[in-house]
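2 protein chains.
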Amino acid sequence: MPAPIVIAIPKGRILSEAVPLLERAGIVPEPAFADADSRALRFTTGRADIDLIRVRAFDVATFVAYGAAHLGIVGSDVLAEFGYPELYAPVDLGIGHCRLSVAEPAAPAAQDDPRGWSHVRIATKYPRLTAAHFADRGVQAECINLNGAMELAPTLGLAPRIVDLVSSGRTLKENGLVEVEVIAKVSSRLIVNRAAFKTRADIVPLVEAFRRAVEVADAV
Amino acid sequence: MPAPIVIAIPKGRILSEAVPLLERAGIVPEPAFADADSRALRFTTGRADIDLIRVRAFDVATFVAYGAAHLGIVGSDVLAEFGYPELYAPVDLGIGHCRLSVAEPAAPAAQDDPRGWSHVRIATKYPRLTAAHFADRGVQAECINLNGAMELAPTLGLAPRIVDLVSSGRTLKENGLVEVEVIAKVSSRLIVNRAAFKTRADIVPLVEAFRRAVEVADAV
Numbered sequence: 001m002p003a004p005i006v007i008a009i010p011k012g013r014i015l016s017e018a019v020p021l022l023e024r025a026g027i028v029p030e031p032a033f034a035d036a037d038s039r040a041l042r043f044t045t046g047r048a049d050i051d052l053i054r055v056r057a058f059d060v061a062t063f064v065a066y067g068a069a070h071l072g073i074v075g076s077d078v079l080a081e082f083g084y085p086e087l088y089a090p091v092d093l094g095i096g097h098c099r100l101s102v103a104e105p106a107a108p109a110a111q112d113d114p115r116g117w118s119h120v121r122i123a124t125k126y127p128r129l130t131a132a133h134f135a136d137r138g139v140q141a142e143c144i145n146l147n148g149a150m151e152l153a154p155t156l157g158l159a160p161r162i163v164d165l166v167s168s169g170r171t172l173k174e175n176g177l178v179e180v181e182v183i184a185k186v187s188s189r190l191i192v193n194r195a196a197f198k199t200r201a202d203i204v205p206l207v208e209a210f211r212r213a214v215e216v217a218d219a220v
Numbered sequence: 001m002p003a004p005i006v007i008a009i010p011k012g013r014i015l016s017e018a019v020p021l022l023e024r025a026g027i028v029p030e031p032a033f034a035d036a037d038s039r040a041l042r043f044t045t046g047r048a049d050i051d052l053i054r055v056r057a058f059d060v061a062t063f064v065a066y067g068a069a070h071l072g073i074v075g076s077d078v079l080a081e082f083g084y085p086e087l088y089a090p091v092d093l094g095i096g097h098c099r100l101s102v103a104e105p106a107a108p109a110a111q112d113d114p115r116g117w118s119h120v121r122i123a124t125k126y127p128r129l130t131a132a133h134f135a136d137r138g139v140q141a142e143c144i145n146l147n148g149a150m151e152l153a154p155t156l157g158l159a160p161r162i163v164d165l166v167s168s169g170r171t172l173k174e175n176g177l178v179e180v181e182v183i184a185k186v187s188s189r190l191i192v193n194r195a196a197f198k199t200r201a202d203i204v205p206l207v208e209a210f211r212r213a214v215e216v217a218d219a220v
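So the protein lines, in turn, are chains F and H. All residue numbers for the first sequence refer to our numbering, where the first residue is 1 and numbers rise by one. All residue numbers for the second sequence refer to our numbering, where the first residue is 1 and numbers rise by one.
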């Protein structure tokens, strides 16, 4: 028997949406998997040939790109930020919907017209997507890389604007910010390591199981 | 009255040790500050001239280096990884003790002698410190950047070794790894933005208050 297929699942926001989808695809995780307090990193499932690992959203793409996991569930934001050529993303899972957006204070310190910018300073954990977005219109973005709490940046003078995921907009509002531009619509994708996809025959039916699970969910 | 002094405190591991130290330095945070579930990012204290922000350990140095926070509490590991010249680190706070170490499987796949290496592959969130450590002995380290769960890397074939913080060693043991080399001893430091330190007279007595708070703690 070959080594089990390893699927990387992101901690946090997506996990609760991913579990029902996994189950519809015939993969029932051991109970500890849904326990956010569990220190374990690797979990068994009802299928002896499939294990799960629970890692940070930004690490899912890295684990799959290097072949340490065969498949993964990851936001299209992370997929685009890393741009790993080793990844194949065959299924839009229809979960984890949000937007990658530019936000600024509801009452900006200096009223300026974005069409006149030649340079912007942005706090974000998406430096590559941010730079590419602004470069498209000839604007140079100086990105200050943060891992969280970027909503603090405008008030504290770190950067007048941020680029971050926006879902309900509640966090922005609580910090006096407004969404001024959508860079990309985001949803979670099933990703597969290209080399594993070509060499392991048991991965193709698994991808199909995910595709059917999404169709079932859409039909409900 | 000038704007309040802003102190950046790391979420997680250090927070519970930092609160008693802040209180000994005369800074009593509002109750929500110690509540890990609070969504708030900025907090008042018993002193009207001092606010706290609660950010990720890896972001504390960035907030202070750019002057968005005036002071911060940060591990010497993060300080060394970023190497911001804008930071002054006048006080070792004597909390957050741990080690930055190299670890590998208790039973390595291939027995090799570290003295013979010319190249190593390492999973870590400290790519600069790791590369510098190995470069010192003429070894090139190829770092795979992860934000967490690097203990999974050796088993899954991502990298045969990791560089990570080790405290009790329990997490390593649970994942079949052993600590083979200490790169640096780590403790938390009080950091100050150099420009703020020179221009705001109210920062010097605050640094002294932290220094006394540490001396009191040491004497207990």
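Rather than coming from a laboratory, the hints here were simulated on the basis of the structure. Treat the hints loosely; a few may be bogus.
Intra- or inter-copy, both count: the list cannot distinguish identical chains.
Under the rule of at most 25 angstroms between Cα atoms (straight-line distance), these lysine to any residue pairs were calculated in the SDA-like manner [stated by the list, open to error]:
#1 K173 with P20
#2 K173 with D35
#3 K198 with E181
#4 K185 with R47
#5 K198 with V120
#6 K198 with I14
#7 K185 with T199
#8 K11 with P90
#9 K198 with G157
#10 K185 with G67
#11 K11 with A201
#12 K173 with A3
#13 K173 with L87
#14 K173 with A36
#15 K185 with K198
#16 K173 with V216
#17 K198 with A184
#18 K173 with R211
#19 K185 with S38
#20 K185 with V207
#21 K185 with A195
#22 K185 with R121
#23 K198 with A217
#24 K11 with S38
Verification of the hints:
For the homomeric pair K173 and P20, neither the shortest alpha-carbon distance inside one copy (31 angstroms) nor that between copies (32 angstroms) is at most 25 angstroms. For a Cα distance limit of 25 angstroms, the shortest separation of K173 from D35 across copies, 21 angstroms, qualifies, whereas the shortest one inside one copy, 30 angstroms, does not. Proximity of K198 and E181 under a CA criterion of 25 angstroms is satisfied in neither setting, with 39 angstroms inside one chain copy and 39 angstroms between copies. Taking the closest pair of Cα atoms, K185 and R47 never come within 25 angstroms of each other, the shortest separation being 34 angstroms inside a single copy and 43 angstroms across copies.
Within a single copy, K198 and V120 get their C-alpha atoms no closer than 43 angstroms, and across copies no closer than 28 angstroms, so neither meets the 25 angstroms cut-off. In this assembly of identical chains, the alpha carbons of K198 and I14 never lie at most 25 angstroms apart, being 28 angstroms within a copy and 45 angstroms across copies at closest. In this assembly of identical chains, K185 and T199 lie within 25 angstroms of each other by CA distance neither inside one copy nor across copies; the values are 33 angstroms within and 44 angstroms between. Taking the shortest Cα distances, K11 and P90 sit within 25 angstroms of each other inside one copy (22 angstroms), while across copies they are farther apart (37 angstroms).
For a Cα distance limit of 25 angstroms, the shortest separation of K198 from G157 across copies, 19 angstroms, qualifies, whereas the shortest one inside one copy, 50 angstroms, does not. Taking identical chains as interchangeable, the C-alpha atoms of K185 and G67 are never at most 25 angstroms apart, the minima being 27 angstroms within one chain and 33 angstroms between chains. When the C-alpha separation of K11 and A201 is checked against a cutoff of 25 angstroms, the pair qualifies neither within a copy, at 28 angstroms, nor between copies, at 44 angstroms. Taking the shortest Cα distances, K173 and A3 sit within 25 angstroms of each other only across copies (23 angstroms), while inside one copy they are farther apart (48 angstroms).
Taking the closest pair of Cα atoms, K173 and L87 never come within 25 angstroms of each other, the shortest separation being 36 angstroms inside a single copy and 32 angstroms across copies. In this assembly of identical chains, K173 and A36 lie within 25 angstroms of each other by CA distance solely across copies; the values are 21 angstroms between and 27 angstroms within a copy. When the C-alpha separation of K185 and K198 is checked against a cutoff of 25 angstroms, the pair qualifies neither within a copy, at 30 angstroms, nor between copies, at 45 angstroms. Taking identical chains as interchangeable, the C-alpha atoms of K173 and V216 are never at most 25 angstroms apart, the minima being 35 angstroms within one chain and 42 angstroms between chains.
When the C-alpha separation of K198 and A184 is checked against a cutoff of 25 angstroms, the pair qualifies neither within a copy, at 30 angstroms, nor between copies, at 43 angstroms. Proximity of K173 and R211 under a CA criterion of 25 angstroms is satisfied in neither setting, with 36 angstroms inside one chain copy and 38 angstroms between copies. Taking identical chains as interchangeable, the C-alpha atoms of K185 and S38 are never at most 25 angstroms apart, the minima being 32 angstroms within one chain and 28 angstroms between chains. Proximity of K185 to V207 under the C-alpha cut-off of 25 angstroms is restricted to the intra-copy arrangement: shortest distance 23 angstroms within a copy versus 46 angstroms between copies.
In this assembly of identical chains, K185 and A195 lie within 25 angstroms of each other by CA distance neither inside one copy nor across copies; the values are 28 angstroms within and 40 angstroms between. Taking the closest pair of Cα atoms, K185 and R121 come within 25 angstroms of each other only inside a single copy of the chain (22 angstroms); across copies the shortest separation is 35 angstroms, beyond that limit. In this homomeric assembly, K198 and A217 never come within 25 angstroms of each other (Cα to Cα): the closest approach is 28 angstroms inside a single copy and 60 angstroms across copies. Proximity of K11 to S38 under the C-alpha cut-off of 25 angstroms is found in both arrangements, the shortest distances being 11 angstroms within a copy and 19 angstroms between copies.
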